[in-house]
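**Q** Protein chains in written order, with the working numbering: chain A, 4 to 116; chain B, 56 to 167.
Hints are computed from structural coordinates only; laboratory data are not their basis.
Take these hints with a grain of salt, some might be off.
[To be verified] Computed Cβ-Cβ distance ranges for the label pairs, DEER-style:
(1) SER65/B / ASN68/A: 32 to 40 Å
(2) ARG116/B / ASP102/A: 20 to 28 Å
(3) PRO84/B / ILE57/A: 19 to 27 Å
(4) ASP29/A / SER83/B: 32 to 40 Å
(5) ASP102/A / ALA134/B: 24 to 32 Å
(6) THR106/B / MET44/A: 42 to 50 Å
(7) SER138/B / PRO11/A: 22 to 30 Å
The beta-carbon is built from N, C-alpha and C at its ideal position, and this holds for glycine as well.
Residue-level listing of the chains:
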Amino acid sequence: NAGVTQTPKFRILKIGQSMTLQCTQDMNHNYMYWYRQDPGMGLKLIYYSVGAGITDKGEVPNGYNVSRSTTEDFPLRLELAAPSQTSVYFCASRRGQVDQPQHFGDGTRLSIL
Amino acid sequence: KNQVEQSPQSLIILEGKNCTLQCNYTVSPFSNLRWYKQDTGRGPVSLTIMTFSENTKSNGRYTATLDADTKQSSLHITASQLSDSASYICVVVGSTLGRLYFGRGTQLTVWP
Numbered sequence: 004n005a006g007v008t009q010t011p012k013f014r015i016l017k018i019g020q021s022m023t024l025q026c027t028q029d030m031n032h033n034y035m036y037w038y039r040q041d042p043g044m045g046l047k048l049i050y051y052s053v054g055a056g057i058t059d060k061g062e063v064p065n066g067y068n069v070s071r072s073t074t075e076d077f078p079l080r081l082e083l084a085a086p087s088q089t090s091v092y093f094c095a096s097r098r099g100q101v102d103q104p105q106h107f108g109d110g111t112r113l114s115i116l
Numbered sequence: 056k057n058q059v060e061q062s063p064q065s066l067i068i069l070e071g072k073n074c075t076l077q078c079n080y081t082v083s084p085f086s087n088l089r090w091y092k093q094d095t096g097r098g099p100v101s102l103t104i105m106t107f108s109e110n111t112k113s114n115g116r117y118t119a120t121l122d123a124d125t126k127q128s129s130l131h132i133t134a135s136q137l138s139d140s141a142s143y144i145c146v147v148v149g150s151t152l153g154r155l156y157f158g159r160g161t162q163l164t165v166w167p
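If we strip away everything but chain B, and leave its shape as in the complex, we get (with noise of 0.2 Å):
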């Protein structure tokens, strides 16, 4: 079954501390991983798009890394901001259809 799991489901950091976000996945066969960052009440917005093929990618203060063979990604949030108080899902997509498996979200809270 095609699933994907995030961990921790919520997290909270001190203002200008880094974290570190996990996702776990068993989708196959896989075409990309993407990561989104959803405000409360807003839709999700994209942050990295990554391919098998690549292992990093960063934006801004966030860098995601993607590890095929294990079937595991991490998002890493440098330098925490209040703003940064969001879900993070992790959505992986099936090369066959180009369907969209979400997780259920890493809720962060970052406190001043």
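Only chain A is shown next, with the shape it has when bound in the complex (with noise of 0.2 Å):
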């Protein structure tokens, strides 16, 4: 069961370069998210996904970009990274129903310095 798989699991970047985080899900789950989790704060929603070919911004979008070519993956871009975007990041997916729970992925460790 390999449900939400994140890569990398730590990256270390220096300001002012680009990276790609990987997710991708093998339950056919048509929503996505990308959440933030920045230390003693609750997770903030940066992007969601309803369906391949569809995006939209969440509460913190800025400075990074999505995309949704296929059901299974849903990679996050960084450009021009920054040290406010030090985080974790985490992957989320769910069925169409509301009331279904959001499956996480194990995260991303990211570094800016």
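Both chains are sitting in their own frames, so use the hints and assemble them into the complex.
**A** Okay, structure coming up:
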């Protein structure tokens, strides 16, 4: 049972560099999400997708981009990394009904130095 | 403003003891409320989901309660185990667009 898989698990970037955080799920879920979790804070929604080809902004989208070319994959792109983007990033997915739980990956720990 | 507040921020208990975690919310309109367990270095895992019509839901040693009138929920853990050490996150789902509102979590530590 793979569920939601995120890669890499850890990464250190220099200010101004770019990278893509990968997320894939094997549950055929339509809905996928990207969150960031800062120390002592609740998760904040960056972007979400309701199906292949459809994405929308969450609470904190600035500095990030996403794409959803397939049902399985939902990569998150950081352009021009900044220290404020140091965080733990979680990808999640769920089935269509709003009362279904979200399934989370184990996160990517990203430090911008 | 839609908010989810959890208390206490952290809690230490001895193995075998019971404990109760609190969640107050202002999210409206409300669809359902969830409790997640997040182990260190892992993603959150769903424990319970309750709609506004449900008062209590259990999952093994975990029992969640909901009072939709006062907008309060609690998570009761019975006969705690070392493996219960984790952060417990209260999540409220708004019925408009199904948006999730996350609490900051209660960090529970169970000592032997």
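**Q** Need the list of violated hint numbers for this structure, in ascending order.
**A** Checked against the structure, the only hint that fails is number 6, while the rest are satisfied.
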